[in-house]
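**Q** Produce the entire structure from the sequences given, and follow the hints as far as they go.
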Amino acid sequence: MRPCLQADLPHVAGLFQRVFRRTDGPPSSTLVSYFNTIYFQHPLYSPDYPSLVYVDDHDRIIGFLGSLPVPLAVNNESIRAAVAGNLMVDASARNPLAGAKLVRKFLEGRQDLSFSDTANGVSRRMWEACGGETLLLGSLQWLRVLRPAQFGGCLLRRRRACRGLSFLLAPLNRLVDGIVSCVPGSPFRYPPTGDGYREDDLNADEL
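Going by my numbering, the sequence shown opens with residue 879, and the numbers climb by one from there.
Hints may be right or wrong, so weigh each one.
To be verified - Derived EDC-like pairs (lysine to aspartate or glutamate); straight-line CA-CA distance at most 20 Å:
no. : residue 1 : residue 2
1   : Lys-983   : Asp-934
2   : Lys-979   : Glu-1011
3   : Lys-979   : Glu-1006
4   : Lys-983   : Asp-935
5   : Lys-979   : Asp-934
6   : Lys-979   : Asp-968
7   : Lys-979   : Asp-886
8   : Lys-983   : Asp-968
9   : Lys-979   : Asp-935
10  : Lys-983   : Asp-926
11  : Lys-983   : Asp-937
12  : Lys-983   : Asp-886
13  : Lys-983   : Asp-995
14  : Lys-983   : Glu-1011
15  : Lys-979   : Asp-926
16  : Lys-983   : Glu-1006
17  : Lys-979   : Asp-937
18  : Lys-979   : Asp-995
To be clear, the hints were calculated from the coordinates, so they are not data collected in a lab.
**A** What follows is the structure, given as structure tokens:
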């Protein structure tokens, strides 16, 4: 393991595509720029709290854990926290301990407090195995489906074997959603705009 460098970002973006998008294609310049903006151009970026990469014997990046420092105040005392970001390991590398080692290395950093959010089940178990806790009440997520048929199509597209079917059904999904949004009493019917509604630009003071 070692700190992530800006020169590593194309490889990190490629790893992201393989792990989360399930494609081996080259990453777009936009995706590489995104990782650069988040982890190196962030106003709070500090090399003292680096993101981490896990490399194999051929110096190939097979794992990544993003990190960002955040200054906090607890009981009027300033502390330095670190937020764990993207955690990903190339499954083809066949290194089942890479993710756990990245998490443990992150927790051994100079920060006073480590935290993360939106972790999946695997990341959560690794976090807890390293001594972390899960705040269940702060982890609730709510989903409000506005277009049920198109939402179902999105779920189909996540399955590689069903992607073709999802594209074939797309026009029908839009038609179904248009119908259910107009049916009286339908939970997917769009509510009427209230009389008190107005649209204005929000300035800094109002925000």
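**Q** In ascending order, which of the hints set out earlier in this document are inconsistent with the structure?
**A** As far as the earlier hints go, not one is violated by this structure.
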